[in-house]
Amino acid sequence: MATDFQSACENACKILSDATANGQILAGSLFAQQASNCVAIHCGEAKDDHAAYLLGSITKPMAVCALMSLYDEDAFQLDDTLVRYLPEFAQREFKKVTLRHLLTHTSGLPDQVPSNAQLRSELSPLSDFVQACRSLEFSFEPGSNYEYSSMGILLACTVAQRIAQLPISELVQQRVLNPLKMNDSALGIGKLEARNRMPVQTQFGAPEAGGGSVDAARWDWNSPYWRSLGAPWGGAHSSASDVAKLLRAMSSSEDDFLKASTKRLMLTNHNPSHLESRGLGFDVDMGSSKVSCSANSFGHSGSTGTLAWVDQDAQIVCVVLTTLPGRALDESEHPRHLASECIAKVCQPKS
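Residue numbers (my numbering): 2 to 352.
These are computed hints drawn from the structure, not numbers from a lab. Every residue, glycine too, gets a C-beta built ideally from N, C-alpha and C. It is possible that part of the hints are untrue.
Said to hold, decoys possible - Listed next, with one range per pair, are the computed distances between beta-carbon atoms:
1) 39 <-> 270: 26 to 32 Å
2) 349 <-> 129: 25 to 31 Å
3) 24 <-> 135: 42 to 48 Å
4) 218 <-> 38: 40 to 46 Å
5) 142 <-> 316: 50 to 56 Å
6) 119 <-> 225: 15 to 21 Å
7) 313 <-> 175: 26 to 32 Å
8) 346 <-> 255: 25 to 31 Å
9) 84 <-> 22: 51 to 57 Å
10) 269 <-> 22: 39 to 45 Å
11) 115 <-> 39: 42 to 48 Å
Sequences and hints are given; from them, build the entire structure.
This is the structure:
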């Protein structure tokens, strides 16, 4: 007799299989685990466990883990100011911004720079995005409110680069991917084989990401430029099983790629009760809004069509990676959400 978890996985697999069969998504992969029971399936253009997807914002937890490995070495404190490490930002409200603000999306900085599309179309390096941040306008006093900010993560990772004297892509490789044996992952392309890199259905992407424009093919999500840029807010590639390795490691109480105390710190809500709950680089309490799991949960989603989470009470890990951008459908209808919810039902208390 199938367990609740096995039945949930079968239902999730059918959703992804149907979505690829009818052409809604080009590829989809699921990795789900409860305790020692694991299920991994791949549909469409994804043929095996090596299928690597452009993660979108699931990149952020990876990059922040690399930064926090420096915290383990006492290289910085969360309430250090940005300008301590990036003195060129010693102007206006930037002088009040701390690393904690950047990591919890409470800095007051917007998600992207106004020149985002232009910079991408000019095939600009990451340093040009950092430079463009210097002229950003603040939406509010740092620490007083919440606004999701990819540029905040970029600046935090620029601090990591200054401290480590390494590109953030190399720091992620050394501090996160190598220790966890995430061999089908890279910030950028790394050594991933082209045949294993899944395309994004860019016709459904946001205009600032080159979505829906033939003219943007040289800089959109599928372009060699974007795939190799290694943007720490959205440019990592990974397989479903590799993302699960990161989530499992974060759930562990062992000192491994990060100290156990640092992992707990990252998975703790740092924002006041009237603001959206955020850990450091991770969504926390995903059960309150994003996934039908318990409050003791963490993870992240990505605009490229990805979702990953852990329910620590139910001991469930769920990773759903697809090629269909999130904005293509109402979230409640997206295959990543539908497949994820099949697994999340196992987390719910039985009546």
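Hint check:
A hinted range of 26 to 32 Å holds for the C-beta pair residue 39 and residue 270, which are about 29 Å apart. The given range of 25 to 31 Å is broken by residue 349 and residue 129, whose C-beta atoms sit roughly 47 Å from each other. Range check, residue 24 to residue 135: about 44 Å between beta-carbon atoms, so the 42 to 48 Å window is met. Between residue 218 and residue 38 the beta carbons are some 42 Å apart, a value that agrees with the proposed interval 40 to 46 Å.
A hinted range of 50 to 56 Å is violated for the C-beta pair residue 142 and residue 316, which are about 41 Å apart. Against the hinted window of 15 to 21 Å, the Cβ-Cβ separation of residue 119 and residue 225 comes to about 19 Å, which satisfies the hint. With their beta carbons about 28 Å apart, residue 313 and residue 175 fall inside the hinted range of 26 to 32 Å. Between residue 346 and residue 255 the C-beta distance comes to about 30 Å, which sits within the given range of 25 to 31 Å.
Here the CB-CB span from residue 84 to residue 22 is close to 54 Å, well matched to the stated 51 to 57 Å. Taken as a hint, the range 39 to 45 Å holds for the pair residue 269 and residue 22, whose Cβ atoms sit roughly 42 Å apart. Restraint check, residue 115 to residue 39: a C-beta distance of roughly 44 Å satisfies the suggested window 42 to 48 Å.
The structure fails to meet hints 2, 5 from the earlier list, while all remaining hints are met.
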